[in-house]
Amino acid sequence: MSASPSALGDVTPQRMSFVQPLPLQSGAQLPAYELVYETYGTLNAARSNAVLVCHALNASHHAAGTHGSDPKSLGWWDNLIGPGKPLDTERFFVICINNPGSCFGSTGPMSIEPTSGKPWGSRFPVVTVEDWVDAQARLLDRLGIDRLAAVIGGSLGGMQALSWTLRYPERVAHCAAIATAPSLSAQNIAFNEVARRAIITDPDFHGGDFYAHGVVPRQGLAVARMIGHITYLSDDAMATKFGRALRNGALGYGFGVDFEIESYLRYQGDKFSGYFDANSYLLITRALDYFDPARTTGGDLAAALAPATARFLLVSFTTDWRFSPQRSREIVQALISNRRAVTYAEVDAPQGHDAFLMDHPHYHGVVRAWFDRIAQEVAR
Amino acid sequence: MSTPLSVIADLVPHGSRVLDLGCGDGRMLAHLRDTRGCTGLGVEIDPQKLIAAAARGVDVLQYDLEQGLSLFGDRSFDVVLQIDTLPNIRHTENALRETARVGRLGILSFANFAHWSIRLQILTGRLPVTPELPYEWYNTPNLRVATYADFERLAAHCGLRLVDAFGVRNGRRINFAPGLLATEAVFCVQGA
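Sequence lines, in order, name chains A and B.
Heads up: the first sequence begins at 1 in our numbering, then just goes up one per residue.
Heads up: the second sequence begins at 1 in our numbering, then just goes up one per residue.
Just so you know, the hints here were simulated from the structure itself, not pulled from any lab data.
Glycine included, every Cβ here is placed at the ideal spot set by N, Cα and C.
Don't take every hint at face value.
Stated by the list, open to error - For each label pair, taking beta carbons as the anchor points, the in silico distance ranges come out as:
| id | chain 1 | residue 1 | chain 2 | residue 2 | range |
| --- | --- | --- | --- | --- | --- |
| 1 | B | D46 | A | A239 | 24 to 34 angstroms |
| 2 | B | T39 | A | G298 | 26 to 36 angstroms |
| 3 | A | P83 | B | D64 | 32 to 42 angstroms |
| 4 | B | N142 | A | T12 | 49 to 59 angstroms |
| 5 | B | D64 | A | A46 | 36 to 46 angstroms |
| 6 | B | R17 | A | G298 | 25 to 35 angstroms |
| 7 | B | E93 | A | R266 | 51 to 61 angstroms |
| 8 | A | D235 | B | R17 | 32 to 42 angstroms |
| 9 | B | R17 | A | N44 | 25 to 35 angstroms |
| 10 | A | A46 | B | R169 | 48 to 58 angstroms |
| 11 | A | Y275 | B | N142 | 52 to 62 angstroms |
Please model the entire structure based on the sequences and the hints provided.
So, in structure tokens, the structure goes:
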């Protein structure tokens, strides 16, 4: 087998079991559960160099490195995390945890519910960003990490990073929230709802308990993914990549795949529905919908962010219309009015929301400089 | 050569919360932090300068000053700096009013276009090229130039109080005939 394409090389996921139930925002609780996670780098003797990476909707604990040197197994943020990378694993101990409710190994709807011996399916409790942060905090407790040098996340991961600074302000020194928003807009929720309806109305969904029927609501999940994917790309990026290019050089005068963009979306949808769990998609989009720290402060975001004491980095991308720069500026403005330390970069990138996963010199340059300073503080 | 850091820094009270508009690579804010115990925030539109400032541990917002300062509350900073920023702003008057709104004290410096050497060069029929304004008329990044006396008038027009005003020559403060003898002008202003 060829050498790993990752500077980090091969990594091994780990698993941790929790017996103590996790109380949830809904009032329900998650009984005994398991979390899968990966770590990169070495925790220093003072346990002061830990950085938590929070993943977004479609991603997992596998943020960097490869499994079995397979190039296709490259972690979703491998261009940012690794030796000599902006988040340098020579200096930081990096942790990424698969959130409960997801479908990459941590307890989720596909897991067996202990009392019934059957998959959780439709009975898996609705989890929130806050619940995930609590679950992550418990895992850090067990690793002996009291305080994070930094928490970082993009998109939904950025919401978790922000939530960390509110729920555990004393445990977070720095927070990087990238391509994120303080809450979803009505339009964001609308897209999520269309995606959920596509899944729920698929005849193979069976009210969420499709596992027992030996089927998967693939069609609905594929459509959900297609909708999501449209919101990840900018109009310009789509125009550049696909334009009106035809798949077979001529119009088909039917409803098959005529345009390249159709082919691309169908491919993405099919691929996604082959590995992602439909119930997880419902749960995670709901967690996105519900995130809104200012809900408890009458819409006053500055008041909602008042508990945060971390130093912040916010990054947005000019062509991101899912979580536009304006949404990041709302967070920046709230933090400034609270007199918090904040650096904000508005990166001119063509890719839309997906830009947060790309290697862009300005974006990565800022993240690198910001982490360099943290590394200097940690070393002091 | 622009006004030395120390000349401006001497005007900033110890421990101030400082907003530096057009902060460049964050040099001034780092200097104020290290020598005067100030906290602060910069605003800069150039990504490379933003990265340089971040490397100094200076917090910067990437933001176009032409959009105004609505991000910032009234009197939310002790000091607002505009060091060599004024000539690069299209909406000069608004920027000045906003500086006085956001800061308890505004400190502005810029090249004085009425320095005697410039006056002499103009007499030859050519636009001047000086150490402070090292560009030809056709490649200058500055949107405008201003003189010591011009700024006094604009400040008065905006209803601002001049707390201090002086010229700089050879990196040192001069108070005598700054309009003629200073290569740089420095103004400390306050809103009404």
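Verification of the supplied hints:
Judged by the Cβ atoms, the range 24 to 34 angstroms given for D46 (chain B) and A239 (chain A) holds: they are separated by roughly 28 angstroms. A beta carbon spacing of about 29 angstroms between T39 (chain B) and G298 (chain A) agrees with the range 26 to 36 angstroms that was offered as a hint. P83 (chain A) and D64 (chain B) have their C-beta atoms about 37 angstroms apart, which keeps the hinted 32 to 42 angstroms range intact. The given range of 49 to 59 angstroms is respected by N142 (chain B) and T12 (chain A), whose C-beta atoms sit roughly 58 angstroms from each other.
For D64 (chain B) and A46 (chain A), the Cβ-Cβ distance of about 41 angstroms falls inside the hinted range of 36 to 46 angstroms, so the restraint holds. Separated by about 27 angstroms at the C-beta atoms, R17 (chain B) and G298 (chain A) satisfy the suggested range of 25 to 35 angstroms. For E93 (chain B) paired with R266 (chain A), a C-beta distance near 56 angstroms keeps the hint of 51 to 61 angstroms intact. The hinted range of 32 to 42 angstroms is satisfied by D235 (chain A) and R17 (chain B), whose Cβ atoms lie roughly 41 angstroms apart.
For the pair R17 (chain B) and N44 (chain A), the supplied restraint of 25 to 35 angstroms holds, since their beta-carbon distance comes to about 33 angstroms. For A46 (chain A) and R169 (chain B), the Cβ-Cβ distance of about 52 angstroms falls inside the hinted range of 48 to 58 angstroms, so the restraint holds. Range check, Y275 (chain A) to N142 (chain B): Cβ separation about 56 angstroms, and the 52 to 62 angstroms hint holds.
In this structure, none of the earlier numbered hints is contradicted; all agree with it.
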